[in-house]
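Enquirer: With the hints as constraints, model all of the structure from the sequences given.
Protein chains: 2
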Amino acid sequence: MRIPILKLHDTLLISIQWELDDQTALQFQEDLLHKIHETSARGVVIDLTSIDFIDSFIAKVLGDVISMSELMGAKVMITGIQPAVAITLIELGIRLEDVLTALDLEKGLEKLQRELED
Amino acid sequence: MRIPILKLHDTLLISIQWELDDQTALQFQEDLLHKIHETSARGVVIDLTSIDFIDSFIAKVLGDVISMSELMGAKVMITGIQPAVAITLIELGIRLEDVLTALDLEKGLEKLQRELED
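Which chain is which? The protein sequence lines are A and B, in order.
Position 40, counted from 1, in the first sequence is what UniProt numbering calls 40; the numbers after and before it change by one each time, with no gaps.
Position 20, counted from 1, in the second sequence is what UniProt numbering calls 20; the numbers after and before it change by one each time, with no gaps.
Keep in mind that the hints were calculated from the coordinates and are not lab data.
Be aware that one or more of the hints could be misleading.
What the hints assert, rightly or not - Here are the simulated SDA-like cross-link-like pairs (lysine to any residue), alpha carbons at most 25 Å apart as the crow flies:
| id | chain 1 | residue 1 | chain 2 | residue 2 |
| --- | --- | --- | --- | --- |
| 1 | B | Lys-7 | A | Asp-52 |
| 2 | A | Lys-60 | A | Glu-117 |
| 3 | B | Lys-7 | A | Leu-92 |
| 4 | A | Lys-35 | B | Gly-63 |
| 5 | B | Lys-111 | A | Ser-67 |
To be verified - Short derived list, chain B residues pointing at chain A, Cβ under 10 Å:
| id | residue |
| --- | --- |
| 6 | Leu-6 |
| 7 | Leu-8 |
| 8 | His-9 |
| 9 | Ser-15 |
| 10 | Ile-16 |
| 11 | Trp-18 |
| 12 | Val-99 |
| 13 | Leu-100 |
| 14 | Asp-104 |
| 15 | Leu-105 |
| 16 | Glu-106 |
| 17 | Leu-109 |
| 18 | Lys-111 |
All figures in this text were calculated on a predicted structure; none of them were measured in a lab.
Every residue, glycine too, gets a C-beta built ideally from N, C-alpha and C.
Expert: This is how it looks when you write it as structure tokens:
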């Protein structure tokens, strides 16, 4: 299984709607970085609205893919983080300081678009 | 495997990026119809840009899901149909007369938005 990555103007959209297994998470990491390179995307929105739990491996992969995307020059926005996911991320010390967050995909896209215009 | 369905304002976005097996296609049909009901979406965009081949079963499921979505009151837009996919759809007699089409996701979303405003 691979997670589809949608390109909308200069932004990549990903909605993670089911719990990822380790292999899928690593494949996603690779696919996303390739897609950023291929499309010269300036922004990435990862929507986690439907995810109510993440384990420590997935949390680490997520933290890594965010750092890697930013290294490549793309601004990352995470939307729809649920309480349990927020708790896991913070407890594991996943650094999300430089990451934009928003309540849902619509608000996230708008906020990211404003950031990219600045 | 299930195909993620993104909600953006009153539109649902789906990008099919890998060949579907029969089970996934049927699951997608069910998921999409439920999501239309749940979100009261007025439009659906299905992006096929990355698909360069569909078999007759998938073509039929796609034709069905389009008719079903329209029955439920959602306008359907298909984007990025490649030559071989267009050939398969027409040769199998899948009726796409009432369906909007566009070259890519960006153009499709714009066109659908204009249709919905009319």
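Enquirer: A separate judgement is required for each hint: does it hold in the structure or not?
Expert: Hint check results:
no., hint, in the structure
1, B/Lys-7 / A/Asp-52, "holds (18 Å)"
2, A/Lys-60 / A/Glu-117, "violated (30 Å)"
3, B/Lys-7 / A/Leu-92, "violated (30 Å)"
4, A/Lys-35 / B/Gly-63, "violated (29 Å)"
5, B/Lys-111 / A/Ser-67, "violated (35 Å)"
6, Leu-6, "holds (5 Å)"
7, Leu-8, "holds (6 Å)"
8, His-9, "holds (6 Å)"
9, Ser-15, "holds (4 Å)"
10, Ile-16, "holds (7 Å)"
11, Trp-18, "holds (6 Å)"
12, Val-99, "violated (20 Å)"
13, Leu-100, "violated (17 Å)"
14, Asp-104, "holds (8 Å)"
15, Leu-105, "holds (6 Å)"
16, Glu-106, "holds (6 Å)"
17, Leu-109, "holds (7 Å)"
18, Lys-111, "violated (14 Å)"
In terms of the numbered hints stated before, the structure departs from hints 2, 3, 4, 5, 12, 13 and 18, listed from lowest to highest.
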